[in-house]
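Asks: One-letter residues, chain by chain:
Protein chains: 2
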Amino acid sequence: MSNPTAAMLVIGDEILSGRTRDANMHHLAGHLTEAGIDLKEVRVVSDDAPAIVAAVKALSDSYDHVFTSGGIGPTHDDITADCIATAFDDHIDVRDDARALLAAHYDRNGLELNEARLRMARIPDSATLIDNPVSTAPGFTIQNVHVMAGVPSVFQAMVATVLPTLSGGAPLLSRTLRVQRGEGDIAGPLGQFAQDYSDLSVGSYPFQKDGVYGSNLVVRGADAGRLDAAMKALEQIFTT
Amino acid sequence: MSNPTAAMLVIGDEILSGRTRDANMHHLAGHLTEAGIDLKEVRVVSDDAPAIVAAVKALSDSYDHVFTSGGIGPTHDDITADCIATAFDDHIDVRDDARALLAAHYDRNGLELNEARLRMARIPDSATLIDNPVSTAPGFTIQNVHVMAGVPSVFQAMVATVLPTLSGGAPLLSRTLRVQRGEGDIAGPLGQFAQDYSDLSVGSYPFQKDGVYGSNLVVRGADAGRLDAAMKALEQIFTT
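Sequences listed follow chains A and B, in order.
Quick note: the first sequence uses numbering that gives the first Met the number 0, first residue 0, plus one each step.
Quick note: the second sequence uses numbering that gives the first Met the number 0, first residue 0, plus one each step.
A pair holds if it fits inside one copy or across any two, identical chains being indistinguishable in the list.
Calculated lysine to any residue pairs in the SDA-like style (CA-CA distance at most 20 Å, straight line):
no., residue 1, residue 2
1, LYS231, GLN179
2, LYS56, THR140
3, LYS56, ASN143
4, LYS56, ASP124
5, LYS208, THR19
6, LYS208, ARG180
Calculated from the structure, these hints are not laboratory results.
Keep in mind that this is a model prediction, so the values were computed, not measured.
Taking the hints into account, I'd like the entire structure generated from these sequences.
Replies: Structure representation (structure tokens):
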């Protein structure tokens, strides 16, 4: 049985303009791999409603799970929640359960729950809330899409909440052999090896350090015994 | 007249598994903004031929320029060049001009131009080569798609070669006002400001530092005078 698949949608002009360097993709990728869910595709789109709606629909149709990051704050350019409602043809407005969370939070902090902050309580009717232990304003899950904040600390907290609720496949294990030869020397025998172990995933990631060319050969699979056997064969090929 | 648009396609299992953190997206995003080309979308896909072909076609149809990163080395999982040829219905084989570059390079370094290395001379018939001053193996441009290496130093060198040949629009200028108030306080007046200056792009990027909540308000546009006027108005709103 193959693992569940996933895609990520990063929403934000600040990434595409080069102003901000995205940190959430790398975080999510690592945690999905550990959970046995295969991240197959990432898209980054700008704060543009048609682009967001089209991407959500396409990814939701193609993969088991979709994770979005960004665009759920209180400002005018935070349009993710409304776009998700559009994508799923759902009604959206300020929801009582989300409003209650925000009201309690701002009350504790002596701040006003004004119109802008209330935008963060806009949640599609059929969604379930995702807890935000960092700054309260919730994310939400609708069908197979998990809508989360772009601020890395909040994103990470929401990932930690959502992941254990998803049934993953077998976690993907990986083993690495570092070889101090250029990829051009390695490629022939490595291609043969990849054919012999076609049930595993075999990658070559070149490096150059202090004038030395080499490559990290990474073999991935779900079965530890099979991986061990493959690594033994790989060492035979490249250390003899 | 609006700026030319661009998309980026990052190809590589190592990014999606969380093993490697992509560095090329942030580099390209910043340089495109400087060149007056609007990066509208980024996709990351795995080393999977149908996924690469579909993404190249979709992005090439939708944007003025497409930049790809990754999958043009000598190993069995480097399938980008062949996928690009498929996407454009072009013939691909080892090409004499690319072979000559590699032969001279490996000859200088006393290395054999073996079958694996020769894979890097596989170039679609109608493509033009992109110079690689770092490690010789060329990238290529076919129609509106620029195919470049994933190794950051090589990717950056290729971007530096390609960008000056593209006619950009007006470079996008940006101004930032740092405001030490939470986004919930800022959002109302900022939304009004964004409406008043709807010809500019207005973004809010929250931060939290040492318990202080604040936001960087970023205004972008091509006209310096218009930006200056907008920033004066913005300061009036948030410092009085």
